[in-house]
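Turn these sequences into a full structure, and let the hints steer you where they fit.
Protein chains: 2
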Amino acid sequence: MSSPILTGPALRLGIAGLGTVGIGVVKIVQRHADMLAMRAGRPVQITAVCARDQNKDRGADLSGYAWETDAVTLAQRDDIDVFVEVMGGHEGAAKDATEAALRAGKDVVTANKALLAHHGQALAETAEANGQVIRFEAAVAGGIPCIKTLTEGLAGNQLRRVMGVMNGTCNYILTRMEDAGLPYDTVFEEANQLGYLESDPTLDVGGIDAGHKLALMASIAFGTKVAFENVQLEGIGRISIDDIRRAGDMGYKIKLLGVAQMTGRGLEQRMTPCLVPASSALGQLSGGTNMVVFEGDSVGQIVMRGAGAGEGPTASAIMGDVMDVARGLRLPTFGAPATQLVEAAPAVTAAPAPYYLRINLSDKPGALAKVAQTLGDAGISISRMRQYGHADTSAPVLIVTHKTTTDAIHYAVSQFPATGVVEGDPVALRIEEL
Amino acid sequence: MSSPILTGPALRLGIAGLGTVGIGVVKIVQRHADMLAMRAGRPVQITAVCARDQNKDRGADLSGYAWETDAVTLAQRDDIDVFVEVMGGHEGAAKDATEAALRAGKDVVTANKALLAHHGQALAETAEANGQVIRFEAAVAGGIPCIKTLTEGLAGNQLRRVMGVMNGTCNYILTRMEDAGLPYDTVFEEANQLGYLESDPTLDVGGIDAGHKLALMASIAFGTKVAFENVQLEGIGRISIDDIRRAGDMGYKIKLLGVAQMTGRGLEQRMTPCLVPASSALGQLSGGTNMVVFEGDSVGQIVMRGAGAGEGPTASAIMGDVMDVARGLRLPTFGAPATQLVEAAPAVTAAPAPYYLRINLSDKPGALAKVAQTLGDAGISISRMRQYGHADTSAPVLIVTHKTTTDAIHYAVSQFPATGVVEGDPVALRIEEL
Numbered sequence: 065m066s067s068p069i070l071t072g073p074a075l076r077l078g079i080a081g082l083g084t085v086g087i088g089v090v091k092i093v094q095r096h097a098d099m100l101a102m103r104a105g106r107p108v109q110i111t112a113v114c115a116r117d118q119n120k121d122r123g124a125d126l127s128g129y130a131w132e133t134d135a136v137t138l139a140q141r142d143d144i145d146v147f148v149e150v151m152g153g154h155e156g157a158a159k160d161a162t163e164a165a166l167r168a169g170k171d172v173v174t175a176n177k178a179l180l181a182h183h184g185q186a187l188a189e190t191a192e193a194n195g196q197v198i199r200f201e202a203a204v205a206g207g208i209p210c211i212k213t214l215t216e217g218l219a220g221n222q223l224r225r226v227m228g229v230m231n232g233t234c235n236y237i238l239t240r241m242e243d244a245g246l247p248y249d250t251v252f253e254e255a256n257q258l259g260y261l262e263s264d265p266t267l268d269v270g271g272i273d274a275g276h277k278l279a280l281m282a283s284i285a286f287g288t289k290v291a292f293e294n295v296q297l298e299g300i301g302r303i304s305i306d307d308i309r310r311a312g313d314m315g316y317k318i319k320l321l322g323v324a325q326m327t328g329r330g331l332e333q334r335m336t337p338c339l340v341p342a343s344s345a346l347g348q349l350s351g352g353t354n355m356v357v358f359e360g361d362s363v364g365q366i367v368m369r370g371a372g373a374g375e376g377p378t379a380s381a382i383m384g385d386v387m388d389v390a391r392g393l394r395l396p397t398f399g400a401p402a403t404q405l406v407e408a409a410p411a412v413t414a415a416p417a418p419y420y421l422r423i424n425l426s427d428k429p430g431a432l433a434k435v436a437q438t439l440g441d442a443g444i445s446i447s448r449m450r451q452y453g454h455a456d457t458s459a460p461v462l463i464v465t466h467k468t469t470t471d472a473i474h475y476a477v478s479q480f481p482a483t484g485v486v487e488g489d490p491v492a493l494r495i496e497e498l
Numbered sequence: 065m066s067s068p069i070l071t072g073p074a075l076r077l078g079i080a081g082l083g084t085v086g087i088g089v090v091k092i093v094q095r096h097a098d099m100l101a102m103r104a105g106r107p108v109q110i111t112a113v114c115a116r117d118q119n120k121d122r123g124a125d126l127s128g129y130a131w132e133t134d135a136v137t138l139a140q141r142d143d144i145d146v147f148v149e150v151m152g153g154h155e156g157a158a159k160d161a162t163e164a165a166l167r168a169g170k171d172v173v174t175a176n177k178a179l180l181a182h183h184g185q186a187l188a189e190t191a192e193a194n195g196q197v198i199r200f201e202a203a204v205a206g207g208i209p210c211i212k213t214l215t216e217g218l219a220g221n222q223l224r225r226v227m228g229v230m231n232g233t234c235n236y237i238l239t240r241m242e243d244a245g246l247p248y249d250t251v252f253e254e255a256n257q258l259g260y261l262e263s264d265p266t267l268d269v270g271g272i273d274a275g276h277k278l279a280l281m282a283s284i285a286f287g288t289k290v291a292f293e294n295v296q297l298e299g300i301g302r303i304s305i306d307d308i309r310r311a312g313d314m315g316y317k318i319k320l321l322g323v324a325q326m327t328g329r330g331l332e333q334r335m336t337p338c339l340v341p342a343s344s345a346l347g348q349l350s351g352g353t354n355m356v357v358f359e360g361d362s363v364g365q366i367v368m369r370g371a372g373a374g375e376g377p378t379a380s381a382i383m384g385d386v387m388d389v390a391r392g393l394r395l396p397t398f399g400a401p402a403t404q405l406v407e408a409a410p411a412v413t414a415a416p417a418p419y420y421l422r423i424n425l426s427d428k429p430g431a432l433a434k435v436a437q438t439l440g441d442a443g444i445s446i447s448r449m450r451q452y453g454h455a456d457t458s459a460p461v462l463i464v465t466h467k468t469t470t471d472a473i474h475y476a477v478s479q480f481p482a483t484g485v486v487e488g489d490p491v492a493l494r495i496e497e498l
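Chains as they are written, first to last, in my numbering: chain A, 65 to 498; chain B, 65 to 498.
What the hints contain is simulated information worked out from the structure, not anything from laboratory work.
Covered stretches of chain A, going by a simulated chain B footprint (3 or more residues, C-beta under 8 Å):
hint : segment
1    : 219-228
2    : 363-369
3    : 388-399
Lysine to aspartate or glutamate pairs mimicking DMTMM-like chemistry, simulated, CA-CA at most 25 Å apart:
hint : chain 1 : residue 1 : chain 2 : residue 2
4    : A       : Lys91     : B       : Glu359
5    : A       : Lys434    : A       : Asp307
6    : B       : Lys120    : B       : Glu262
7    : B       : Lys428    : B       : Asp306
8    : B       : Lys289    : A       : Asp98
9    : B       : Lys91     : A       : Glu359
10   : A       : Lys289    : B       : Asp98
11   : B       : Lys91     : A       : Asp361
12   : A       : Lys91     : B       : Asp361
13   : A       : Lys428    : A       : Glu487
No experiment lies behind these values; they were computed from the predicted model shown. Each residue gets a CB set at the ideal place from its N, CA and C atoms; glycine is no exception.
Listed below in C-alpha cells is the structure:
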C-alpha cells in the first residue's frame with residue numbers, strides 16, 4: 065500500500081477501559097494505522113488510556129500512551145479529541161467521565177448500552193448543545209453495524225418495526241438446551257463456567273441488557289426519547305426444555321426476541337421469549353450470534369446477522385464510529401435533534417398475535433372440550449392443536465391460536481383452574497409473525 | 065410530529081429519470097418532508113426533474129418541479145445541489161450528465177452500477193479533484209445498505225472476503241426451477257413475461273449486472289481500482305433442473321454467487337454459479353431477495369439480507385445517500401481517495417475449493433474405477449460419491465471432491481473422454497465454503 069495522502073490533523077483517542085474491548089481497539093489502531101489513515105484522510109492515534117492497574121499484562125504494547133487511573137482526568141485531557149468509553153456501568157465513573165468529556169468539548173464513542181438506556185436523553189442534549197457527538201454502535205448487537213444502518217442507511221424510511229435477538233448469552237443458552245436436551249439450570253451453570261454471563265446474570269437472562277439495546281434502537285426508529293423503563297421485560301428463566309421441544313414439534317423456535325413498534329395504541333417495546341418460525345432467519349439463528357431486523361415503509365425488511373460480542377466484533381464497531389468522527393460525520397445521537405425527540409406514550413397492550421399454549425390436561429372425559437370452551441369464551445380461536453400420548457394421569461396438549469390479544473390470553477389462563485381439568489400452570493408464549 | 069428545527073438551507077435535488085426508482089424517490093420526498101427535515105437538520109426538496117415525455121401519467125404529482133428533457137441541462141441547473149441519476153446505461157446521456165454535474169460542482173447520487181463499473185475510477189477522480197461526492201448505495205443490492213456498511217461501518221476492518229447473491233432475477237429463476245421442477249428455458253420465459261428481465265437479458269442471466277456490483281464492492285473492500293474487466297463471469301444458462309436436484313441431494317443449493325477476495329495470487333473476483341450448503345444463510349435465500357456477506361479481520365462475518373430491486377427498496381437506498389449528503393457526510397467514492405486506489409493484479413486461478421461433479425457413466429464393468437483413477441491422476445481426492453440407479457445404459461454419478469484447484473478440475477474433465485466410460489459433458493461446479 066502506498067503512503068496515504070493525509071489531508072487533516074490526527075484524530076486523537078483517549079481510551080477509558082482496557083478490558084477485552086479496549087484492548088481490541090488498541091490492536092486495530094496499531095495494526096492498521098496506514099489503512100485507517102488512508103480511509104479517514106487523516107491519522108487515527110491513541111494518545112492516552114485509562115485503567116487502574118498499569119502493571120497488568122494486557123497483551124498489547126501500551127507504552128506509547130499516557131496513562132491515567134482516573135477516567136474523568138482522561139476525559140479532560142487537552143490532547144484527546146474523542147473519549148472512547150469502554151468501561152461499562154451506568155452510574156459512577158463511566159457516567160461522570162462521559163459527562164466530563166462532553167463538557168470538555170470531546171466527542172464520545174461508547175459501548176455502554178446501560179448508560180445510554182438510563183441517561184441517553186440527558187447526555188444527547190448536553191452533547192448537542194455543545195456541538196459534540198455521541199456514537200454507540202458497539203452498544204447494540206456487537207459487530208453488526210445496525211445503529212448506522214438504522215440512523216443513516218434507512219433515514220428515508222418511516223420505520224414500522226424493529227426486532228432483534230441481541231443477547232448472545234441467552235441465545236446460546238436456548239440453543240444449547242435444545243441441542244443437548246439439558247434443562248435451563250444446567251446450561252445456565254455451564255454458561256457461567258464459560259464466563260458468558262455478566263457478573264449480575266439477571267442483566268443477561270432477565271433480558272435487561274437486550275432491553276437496553278432495544279430501547280436505544282426504538283428511539284432512533286421512532287423519533288422518541290429513550291424509554292427503557294417502558295420496555296416490557298421477561299427473561300428466559302421460565303423456558304423449559306419441554307417447551308423448546310414442543311415448540312419445535314409445532315415448527316417454531318423459542319428466542320428472547322426484542323420487538324419495538326409504533327402502533328395506534330402507543331409505542332410498544334417488548335423483550336420477551338417468543339416463538340418464531342423455525343424456518344425463518346430468526347429461527348435459524350443459533351449460538352451467540354445476534355440478528356437485527358428492520359422494517360421500513362419503503363425498504364421492506366432488512367436483516368443483519370453477526371457476532372454480538374467479543375473483542376474483535378465490538379472493537380470493529382467502536383472503530384466504525386471512530387472513523388465516522390475522523391471523516392467528519394456529525395449526527396445527533398439518536399438521528400434527530402435530542403430536543404425534538406418526543407415522549408411516546410407506552411402501548412398498554414401488545415399488538416394482537418397468535419399464541420402458543422401448553423396445557424397439562426387431566427385424563428377425564430370431556431377435558432379437551434372444557435379447555436376449548438374456555439378459550440372460545442375468551443374470544444380465542446384455535447388454529448392447530450396436538451395432544452400427546454401419556455403414561456400418567458395427565459396429557460400435554462399444545463395449542464396454536466389464531467391472532468388474539470394478551471388480555472384474552474391472560475383471561476383464558478385465569479379461567480383454566482375453574483375447569484377442573486387443567487393441571488399445573490399453563491405456558492403461554494407469543495408467536496411473533498415475521 | 066412537532067415542526068422541525070432547521071439548521072441549514074434546503075438540499076435541492078435534480079432527478080434525472082422518472083422510471084420506477086425516480087418516482088419512488090419523488091414519493092418519499094413528498095410523503096416524508098417533515099421527517100426528512102428533522103433527521104437531516106434541513107429540508108430536502110426536489111427542484112427539477114428530467115424525462116422525455118412530460119405528459120405521461122407517472123402516478124405522482126410533478127407539477128411543482130421544473131422540467132427538463134435533457135439530463136445534461138438538468139445537471140447544470142443553478143438551483144440543484146445534488147444530481148440524482150436514475151436513468152441507467154453506462155454510456156450516452158447518463159455518463160454525459162453525470163460528468164456535467166460533477167463539472168458544475170454538484171454532488172451525485174446514482175443507482176447506475178454499469179456506469180460506475182466502467183467509468184467509476186475516472187468519475188471518482190473528477191469528483192474528488194473538485195471536492196464533490198458520488199454515492200451509489202442503490203447500485204448494489206437494492207435496499208440493503210451494504211455500501212454504507214462496507215465503507216463506513218466496517219472501516220476498521222481489513223476485509224478478507226466479500227460475497228453476494230445480488231441479482232434477484234437469477235435467484236428467482238433458480239429457486240423457481242427447483243420449486244416447480246421446471247427447466248431453465250421455461251422459467252426464463254416466465255421471468256420475461258413477468259417483466260423481471262432487463263431488455264438485454266444477458267445482463268441478468270449472464271451475471272453481468274451482478275458482476276458490476278461485485279466489482280464496485282471489491283474496490284471499496286480492498287482499496288483497488290474498479291476492475292470489472294477482471295471479474296470472472298459465468299451465467300446460469302447451463303444450470304439444469306437435474307443439477308439443482310442432485311445438488312440438493314448432496315445438501316447444497318446452486319446460487320449465482322459473487323466472491324471477491326484478495327489472495328497471495330492477486331485479486332480474485334468471480335460471479336459464477338456455485339454450490340453453497342442448503343442450511344447456510346445463502347442457501348436459504350429464495351426468490352428475488354439479495355444477500356451480501358462481508359468477512360473482516362476484526363468483525364468476523366456480517367450477513368445482510370433484503371429486497372434487491374423494486375421501487376421502494378431502491379428509492380430507500382437513494383434517499384439514504386441523499387440524507388448523507390444533506391447531513392454533511394463527504395467521503396471519497398470508494399472509501400479511500402481515488403488517486404490512492406491501487407491497480408490490483410487479477411488472480412490467475414481461484415482459491416482452492418471443493419467441487420461438485422456430475423458425470424454420466426457408461427454401464428460398463430470398471431467404469432467407476434476409471435473415473436476415480438482419472439481424478440486421482442489429477443491430484444483430486446473424493447470426499448463423497450453417490451451413484452444413482454438407471455434405466456438406460458448410463459448412470460448419473462455425483463462426486464463431491466476435497467479441496468482442489470480449478471486447474472486440476474479442468475485437467476480431469478479434459479481426460480474423461482479418453483476413459484471411454486463418460487458420456488456427454490460432465491458438469492463441474494465450485495462449492496463455496498462459508
